[in-house]
Amino acid sequence: MMQTITCECGHSNPYGTSLCQACGKPLKQDVEVLSSMRYEGSARRSQTYKQTFVDKIWNFFSSVKVGVWLIVIILVAAAIGTIFPQETFIPPNVDPATHYESEYGTFGLIYYLLGFHNLYGSWWFILLLGMLGLSIIIASLDRGIPLYKALKTQRVTRHDQFMKNQRLFSKSNDVELDEIKYTLESLRYKVREEDGNLFAEKGRFSRWGAYVNHVGLIIFLTGAMLRFFPGMYVDDILWVREGEKASIPGTSTEDGQYYLENNDFILEMYDKEEKKFNSALSSVDGEVAKNYQSNVTLYKTKENHTIGAEPELVKVKNGEIRVNEPFKFDSFALYQTDFKLNEFYKMSFELEEKATGNKFGKLTVDLHDPKKEYDLGKGYKVKIEEYFPNFVLNDQNQPSTVNNLPDNPAFVFSMYSPKTPDGEKAFVGIQKNIDSGENQFKMSFAGIETKDLTALTVRKDHTLWIIALGGIIFMIGVTQGLYWNYRRIWIKQNAGEVWAAAHTNKNWYGLKKDVEFLSDKTNLTPLEEKETASK
Amino acid sequence: MLKKNRLWFRSALLAILVVAVGYTIYNSMNEESGTYISKGNTAPNFVLTDLNGKQVELEDYRGKGVFLNFWGTWCKPCEREMPYMQRQYEKYKEQDVEILAVNVSETNVSVKNFVDRYRMSFPVPMDKQREVTKAYGIGPIPTTILIDKNGKVVERTSESLSEKKIISFMEKIKP
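So the sequence lines, in the order shown, correspond to chains A and B.
All you need for our numbering is the position in the first sequence, starting with 1, plus 58.
All you need for our numbering is the position in the second sequence, starting with 1, plus 2.
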């Protein structure tokens with residue numbers, strides 16, 4: 059059994075207790091009653107002994123100082139993460155290794171090298187949050203349980219030392235106990251009586267506020283943690299071209315994979331001529347968007363769909379997605395997030411004889427799937443030698459492509475005709491048509507087709523209710539602890555005198571009003587405030 | 003409360019938290035791959051048409067080591083590692099290691115030119131719709147995934163590979 063301290067009142071207290079749980083008598087010589095009142099002079103469990111390795115870890119996290127430092131470190135780290143955009147928010151198709159430096163200079167490079175570009179999901183940030191969670195749990199257990207026990211076992215009759223050392227105290231003679239009891243009850247105190255002594259208390263539950271609040275925080279952190287568990291949380295982006303189908307990321311299960319078809323992307327602007335909006339819009343330069351909308355069709359594949367195989371799709375339903383009006387299925391929601399208008403889709407050219415201007419057929423190149431060779435008949439044909447979807451001259455001055463998106467398509471064509479059976483080469487791009495100068499034929503531009511793209515956020519979140527619940531409990535705890543306070547008044551018969559003492563954990567003003575009211579209504583000597591001994 | 007009970011309680015609580023936080027960190031490291039395609043998991047099967055029009059299915063390579071590379075012609079680091087991959091492919095082909103170089107959503111014309119320039123002889127499955135890229139949660143390219151003869155993922159990396167590294171990878175998945 060653990061060592062215990064038995065008080066003269068007969069109550070046995072855990073080792074380390076400074077004020078007896080039952081009568082409040084200081085158990086050590088140098089105990090300051092008032093400053094010990096925060097936790098009722100109870101022993102913080104961890105401080106009582108140091109033994110095993112586990113206890114040492116426990117003691118470390120039990121410290122409020124450690125907890126506060128963890129909070130400070132997390133705050134600073136979280137703030138650093140907002141200086142530059144996180145990796146998720148930089149444009150796709152750029153290399154983060156170079157993006158941060160080119161965009162934000164040396165600081166950007168340091169930012170990237172230190173891993174701050176992916177801060178909130180980094181192992182050390184999660185570890186910090188985990189340590190904070192541990193600190194909250196341990197510190198609460200170490201303080202909450204002893205406090206609960208002390209408040210539960212407290213007796214009506216308190217030790218003289220305990221009474222005398224309270225901040226509000228008085229001695230009186232000739233007091234009608236029933237009157238005091240009645241007055242206190244009229245102030246909604248809960249009054250207990252024992253051997254002619256009184257104990258009145260009010261708002262004890264406010265002492266649990268901090269612990270309720272911590273339970274809320276732990277639930278909140280658990281919810282945040284669960285986002286990293288499979289199947290709990292999906293947050294992805296899906297780009298779909300008009301008229302095309304694409305698999306929806308994160309929606310693959312054994313009974314199949316969801317696909318989405320983008321039937322139409324609609325961007326509407328407010329009409330400036332319309333009377334209703336005329337005055338509001340007159341001060342605005344350019345146009346103001348009224349609606350971003352995707353009309354979509356949801357499909358699902360058959361069971362056991364192999365990734366990459368031509369999907370056998372079954373239509374599920376149609377839907378319209380607007381900003382703040384997501385399209386929902388199963389536990390998923392698709393939100394309108396972004397768009398790209400008029401992406402190049404098909405380009406048409408005509409084979410033209412330079413000297414005469416005669417044309418020998420037209421070819422249309424699908425920019426996502428160009429053919430190697432286009433036969434125009436009668437011995438005329440065009441070959442694509444090189445294709446650069448997003449043309450750029452690289453460091454070595456060689457034509458190349460930035461990425462695979464057809465934003466600036468360019469070709470090297472070989473043109474064949476009965477007159478030029480060996481072929482003539484030309485480089486053709488947007489506003490570019492370069493050849494050796496001796497070519498008899500050229501490719502002349504004959505039109506372009508474009509397509510719109512829509513970008514949708516794919517979201518599934520099974521953790522939101524947990525996080526919300528944690529938040530609500532957190533707020534209940536805060537309210538409980540802030541708007542209520544634990545007031546106590548003791549009345550003790552002591553050798554012909556009546557001693558009165560009062561204590562609250564906060565809002566002394568309110569308590570003082572209560573005891574003033576009490577002394578006004580009864581013969582009790584007004585309680586006097588003791589000068590708080592400065593250390 | 004008995005001292006022993008207290009020790010048990012404290013150890014258990016600490017253990018639960020360590021496991022929970024550890025698992026969270028483990029998952030956050032693999033977060034890029036939405037389907038958790040990382041060490042120890044079975045690589046999901048896929049089927050794609052390669053540059054020559056042949057169907058390539060991952061499951062057909064069971065019993066062989068598979069060096070699965072995701073790449074694009076416009077990506078410089080990918081371009082750098084291709085000749086090394088080709089050279090090592092020629093050496094390790096006999097030892098039952100196969101290279102599948104999945105091209106991420108490009109056109110046959112561009113890829114064909116690239117493949118001819120570097121004389122690549124391993125299959126180049128064309129992931130036109132990015133289906134495999136998405137399912138494998140590929141972020142930056144090049145990304146290389148090593149799959150052993152049982153179809154298990156042995157390694158996953160997004161670094162640009164040196165020839166030495168490629169050799170060590172080949173040794174790792176050699177049956």
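Be a bit skeptical, because a hint or two may be false.
Said to hold, decoys possible - Think about it this way: if two alpha-carbon atoms lie no more than 20 Å apart in a straight line, the pair counts; the simulated DMTMM-like pairs of lysine to aspartate or glutamate are:
| # | chain 1 | residue 1 | chain 2 | residue 2 |
| --- | --- | --- | --- | --- |
| 1 | A | Lys477 | A | Glu410 |
| 2 | A | Lys420 | A | Glu300 |
| 3 | A | Lys348 | A | Asp427 |
| 4 | B | Lys130 | A | Glu410 |
| 5 | B | Lys130 | A | Glu574 |
| 6 | B | Lys114 | A | Glu300 |
| 7 | B | Lys78 | A | Asp453 |
| 8 | B | Lys78 | A | Glu159 |
| 9 | B | Lys176 | B | Glu100 |
| 10 | B | Lys130 | A | Glu383 |
| 11 | B | Lys130 | A | Glu300 |
| 12 | B | Lys95 | B | Glu161 |
| 13 | A | Lys441 | B | Asp118 |
| 14 | B | Lys66 | B | Glu100 |
Stated by the list, open to error - Counterexamples of contact, computed for chain B against chain A with all Cβ distances above 10 Å:
| # | residue |
| --- | --- |
| 15 | Lys41 |
| 16 | Asn54 |
| 17 | Lys66 |
| 18 | Trp76 |
| 19 | Glu92 |
| 20 | Glu165 |
No lab work stands behind these hints, which were simulated from the structure alone.
Even for Gly, the Cβ is constructed at its ideal location relative to N, Cα and C.
For each hint, the structure was consulted:
1. A:Lys477 x A:Glu410: holds (13 Å)
2. A:Lys420 x A:Glu300: Outside the cut-off at roughly 25 Å; violated.
3. A:Lys348 x A:Asp427: violated (35 Å)
4. B:Lys130 x A:Glu410: violated (33 Å)
5. B:Lys130 x A:Glu574: Violated: Lys130 (chain B) and Glu574 (chain A) sit about 83 Å apart, past 20 Å.
6. B:Lys114 x A:Glu300: violated (28 Å)
7. B:Lys78 x A:Asp453: Holds, at roughly 12 Å.
8. B:Lys78 x A:Glu159: With a Cα-Cα distance of about 18 Å, the restraint between Lys78 (chain B) and Glu159 (chain A) holds, given a limit of 20 Å.
9. B:Lys176 x B:Glu100: holds (10 Å)
10. B:Lys130 x A:Glu383: violated (31 Å)
11. B:Lys130 x A:Glu300: holds (16 Å)
12. B:Lys95 x B:Glu161: Outside the cut-off at roughly 23 Å; violated.
13. A:Lys441 x B:Asp118: The hint holds at about 16 Å.
14. B:Lys66 x B:Glu100: Status holds; Cα separation ~7 Å.
15. Lys41: Given a closest Cβ separation of 15 Å, the condition holds.
16. Asn54: holds (13 Å)
17. Lys66: holds (19 Å)
18. Trp76: Violated, since 5 Å does not exceed 10 Å.
19. Glu92: holds (27 Å)
20. Glu165: It holds; Glu165 (chain B) is separated from chain A by about 21 Å at its closest Cβ, greater than 10 Å.
In this structure, the earlier hints numbered 2, 3, 4, 5, 6, 10, 12 and 18 are contradicted, and the remaining ones agree with it.
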